Amino acid sequence: MAGDAELLTKLQQKFEQGKYSKKGADGCMMCHRKTEGVAAIFDGIHGNPNVVKGPMAGLQCESCHGPQGKHRGKNEPMITFGDDSPLTAEMQNSVCLACHDDSGRSDWHLGAHASDDVACVDCHQLHVAKDQVLTTEGQNQTCQSCHTKAKADSHKRSAHPIKWDEMACSDCHNPHGSLSESAMNQATVNDTCYQCHADKRGPFLWEHEPVMEDCSLCHNAHGSVNEGMLKTRVPMLCKQCHSEDGHPSTIPGGNGSIQTAGQGCLNCHSQIHGSNHPSGKAFQF
Numbered sequence: 602m603a604g605d606a607e608l609l610t611k612l613q614q615k616f617e618q619g620k621y622s623k624k625g626a627d628g629c630m631m632c633h634r635k636t637e638g639v640a641a642i643f644d645g646i647h648g649n650p651n652v653v654k655g656p657m658a659g660l661q662c663e664s665c666h667g668p669q670g671k672h673r674g675k676n677e678p679m680i681t682f683g684d685d686s687p688l689t690a691e692m693q694n695s696v697c698l699a700c701h702d703d704s705g706r707s708d709w710h711l712g713a714h715a716s717d718d719v720a721c722v723d724c725h726q727l728h729v730a731k732d733q734v735l736t737t738e739g740q741n742q743t744c745q746s747c748h749t750k751a752k753a754d755s756h757k758r759s760a761h762p763i764k765w766d767e768m769a770c771s772d773c774h775n776p777h778g779s780l781s782e783s784a785m786n787q788a789t790v791n792d793t794c795y796q797c798h799a800d801k802r803g804p805f806l807w808e809h810e811p812v813m814e815d816c817s818l819c820h821n822a823h824g825s826v827n828e829g830m831l832k833t834r835v836p837m838l839c840k841q842c843h844s845e846d847g848h849p850s851t852i853p854g855g856n857g858s859i860q861t862a863g864q865g866c867l868n869c870h871s872q873i874h875g876s877n878h879p880s881g882k883a884f885q886f
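Residue 614 in the numbering used here sits at position 13 of the sequence shown; the count goes up by one each step and never skips.
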């Protein structure tokens with residue numbers, strides 16, 4: 602839009618001139634003290650002048666909103682954030698990343714959120730006493746507002762306890778990006794799962810190849826209608842690989858069949874994640 606282009610040009614000129622206010626936040630609050638939500642920043646960490654690297658210990662409001670210049674009312678624009686901002690998501694994020702450039706955000710530019718033009722303020726709030734996305738409940742609600750498929754899966758009969766806020770999305774994923782698949786916290790899906798499911802890590806004397814390769818080959822981590830978050834019910838899950846392997850290749854019988862009754866294949870092959878028993882080649886011990 603032509604109007605946005607003009608605003609961006611003016612903001613660039615203001616930065617080149619670098620005319621910051623001598624009054625800092627005091628000057629801003631002369632007008633904005635009655636603006637809804639603005640003063641709440643002083644209840645949070647961004648408004649604390651004792652935080653050495655915080656905005657209030659430096660240029661205060663202008664640390665984020667840019668130099669005041671001749672800004673009085675609408676005489677000159679300031680940097681704004683959100684959907685109505687003339688700045689692109691990348692431009693808005695560059696303001697945040699000027700301070701938040703630690704190792705936890707070093708892979709931001711490689712992540713899906715950055716490539717999808719998600720702005721920091723789409724998830725985070727600054728002018729509040731506490732950013733709700735930093736709480737388990739607030740984080741899950743924020744993530745699920747976009748990731749609706751994961752939200753639906755979390756309400757299925759077998760799922761991680763996301764819907765009770767006993768887990769947060771960030772327990773497995775890094776929303777600020779990572780080098781691993783699906784922005785996992787660890788290098789691989791399995792390494793992420795092992796953080797809680799350490800008993801499945803091994804090494805085992807007898808290893809089940811799909812287990813060692815990728816937990817998500819059998820499980821849907823966000824939830825499933827099947828027991829144990831399995832993608833497909835046993836025995837059909839097992840038959841996807843063992844379709845020509847002796848008795849697993851036979852067609853399951855009725856409810857009395859060893860293949861379908863109880864836990865199906867797991868009635869016998871109970872150590873399906875791996876066995877350390879000398880006779881456990883078939884994962885039966």
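Keep in mind that the hints were calculated from the coordinates and are not lab data.
Treat the numbers as computed from the prediction; the structure is a model and nothing was measured.
Heads up, a few of these hints could be off.
[To be verified] Lysine-lysine pairs mimicking BS3-like chemistry, simulated, CA-CA at most 27 Å apart:
#, residue 1, residue 2
1, K840, K764
2, K757, K832
3, K757, K675
4, K611, K675
5, K635, K623
6, K675, K620
7, K675, K624
8, K731, K635
9, K801, K731
10, K675, K752
11, K840, K801
12, K757, K731
13, K752, K764
14, K635, K752
15, K654, K624
16, K750, K671
17, K620, K635
18, K764, K801
19, K764, K832
20, K620, K654
21, K764, K731
22, K635, K671
23, K752, K731
24, K750, K675
25, K731, K654
26, K731, K671
27, K764, K750
28, K882, K840
Consistency of the hints with the structure:
1. K840 - K764: Violated, because 32 Å separates the two Cα atoms, which is more than 27 Å.
2. K757 - K832: OK: K757 and K832 at ~12 Å, within 27 Å.
3. K757 - K675: 51 Å, violated
4. K611 - K675: 12 Å, holds
5. K635 - K623: 21 Å, holds
6. K675 - K620: The hint holds at about 17 Å.
7. K675 - K624: 19 Å, holds
8. K731 - K635: 20 Å, holds
9. K801 - K731: With a Cα-Cα distance of about 38 Å, the restraint between K801 and K731 is violated, given a limit of 27 Å.
10. K675 - K752: Given that 27 Å is the threshold and the Cα spacing comes to 42 Å, the pair is violated.
11. K840 - K801: This hinted pair holds, its Cα atoms lying about 22 Å apart.
12. K757 - K731: Given that 27 Å is the threshold and the Cα spacing comes to 31 Å, the pair is violated.
13. K752 - K764: 8 Å, holds
14. K635 - K752: 38 Å, violated
15. K654 - K624: 19 Å, holds
16. K750 - K671: Answer violated: K750 to K671 is near 48 Å, above 27 Å.
17. K620 - K635: 25 Å, holds
18. K764 - K801: 25 Å, holds
19. K764 - K832: It holds: about 19 Å lies between the C-alpha atoms, which stays within 27 Å.
20. K620 - K654: Holds, because 21 Å separates the two Cα atoms, which is no more than 27 Å.
21. K764 - K731: 22 Å, holds
22. K635 - K671: 21 Å, holds
23. K752 - K731: 24 Å, holds
24. K750 - K675: 43 Å, violated
25. K731 - K654: 18 Å, holds
26. K731 - K671: Roughly 32 Å between the alpha carbons, so the hint for K731 and K671 is violated.
27. K764 - K750: Since the Cα atoms of K764 and K750 sit roughly 13 Å apart, the hinted pair holds (cutoff 27 Å).
28. K882 - K840: 18 Å, holds
Taken one by one, the earlier hints fail for this structure at numbers 1, 3, 9, 10, 12, 14, 16, 24, 26, listed in ascending order.
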